[in-house]
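Protein sequence lines correspond, in order, to chains A and B. Here this note's numbering is used: the first residue of the first sequence is 1190, the next is one more, and so on. Here this note's numbering is used: the first residue of the second sequence is 1190, the next is one more, and so on.
It is possible that some hints are incorrect.
Just so you know, same-sequence chains aren't split out, so a pair can sit in one copy or run between any two.
[Claimed, not checked] In the DMTMM-like style, the derived pairs of lysine to aspartate or glutamate whose C-alpha atoms are separated by at most 25 Å in a straight line are:
# : residue 1 : residue 2
1 : 1323      : 1237
2 : 1218      : 1311
3 : 1258      : 1230
4 : 1258      : 1240
5 : 1255      : 1234
6 : 1318      : 1217
7 : 1265      : 1251
8 : 1323      : 1242
9 : 1265      : 1230
If you are wondering where the hints come from, they were derived from the structure by calculation, not from laboratory data.
Protein chains: 2
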Amino acid sequence: MFELHPTLANDTVEITQLNVCRVLLIRDKTYPWIVLVPEREGLRDLDDLNEPDRIQVMAEIDQASKALKALFTPYKINVAALGNVVEQLHIHVIARFQNDAAWPGPIWGVAPLKDYADTDRDQLVSRLKAELNKIAVL
Amino acid sequence: MFELHPTLANDTVEITQLNVCRVLLIRDKTYPWIVLVPEREGLRDLDDLNEPDRIQVMAEIDQASKALKALFTPYKINVAALGNVVEQLHIHVIARFQNDAAWPGPIWGVAPLKDYADTDRDQLVSRLKAELNKIAVL
């Protein structure tokens, strides 16, 4: 049975569930930062996905990227499946700006997570969920 | 017309061309490190790919990952499309080991590129090319 890794559960709030992935917002106001977790047991690397799931996950990465672009107009989107620390397959989708804390480097390990105020986070989750659903039905 | 970014051209050697991506080996013996560059003009982010190209690029990421696994038996595969410095869309596929120079962090910016000896690089390119072709025909 699929169970979300405790570190991911601790560092995130759920935005929504798409066909394959659970979509999470990282509790870090430093960057608009989504994580997609395919709800499949025992996967570590992207190439562990079977072909239909792989195609769907790529479509969901696309949706998450477009939702971040619609809400934040970032300079770049960073997409990464690393998982050296938390080995459960998860894909980062991050909106990057030329004046953000880690620019132009990758964000991992640069600044400790700074959680949103509760109301800000709730509002962002709602807006992201609405945006993801809008893209999903196109 | 598609033209490879000069930084990518400088830091890599070509392994092969797949349906959408040019497949490059980074001149860095610190990690087995492939870069896929979709041969499409003007793309910056993964979600700039149209749907058929996106599906094919994901299949080619899969091939590159499996080729690295077959040759190196890494502990993890890292896949990332960042492009904050070199903005032409390119996807890193890296074989990671628990005793490599950057473990468990991401590899970017940790150690300067250390090129292979010419014969080692040529041999690795041949082996990767053979492995990619083997996977492609399955």
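A quick look at each hint next to the structure:
1. 1323 <-> 1237: Only across copies: residue 1323 and residue 1237 sit 18 Å apart there, 29 Å inside one copy, limit 25 Å.
2. 1218 <-> 1311: within (12 Å within a copy, 46 Å between copies)
3. 1258 <-> 1230: between (30 Å within a copy, 20 Å between copies)
4. 1258 <-> 1240: Answer is between; shortest inter-copy Cα gap is 18 Å, intra-copy 27 Å.
5. 1255 <-> 1234: both (23 Å within a copy, 10 Å between copies)
6. 1318 <-> 1217: Answer is within: at 17 Å inside a copy they meet the 25 Å cutoff, but 41 Å across does not.
7. 1265 <-> 1251: both (13 Å within a copy, 24 Å between copies)
8. 1323 <-> 1242: both (21 Å within a copy, 23 Å between copies)
9. 1265 <-> 1230: between (31 Å within a copy, 17 Å between copies)
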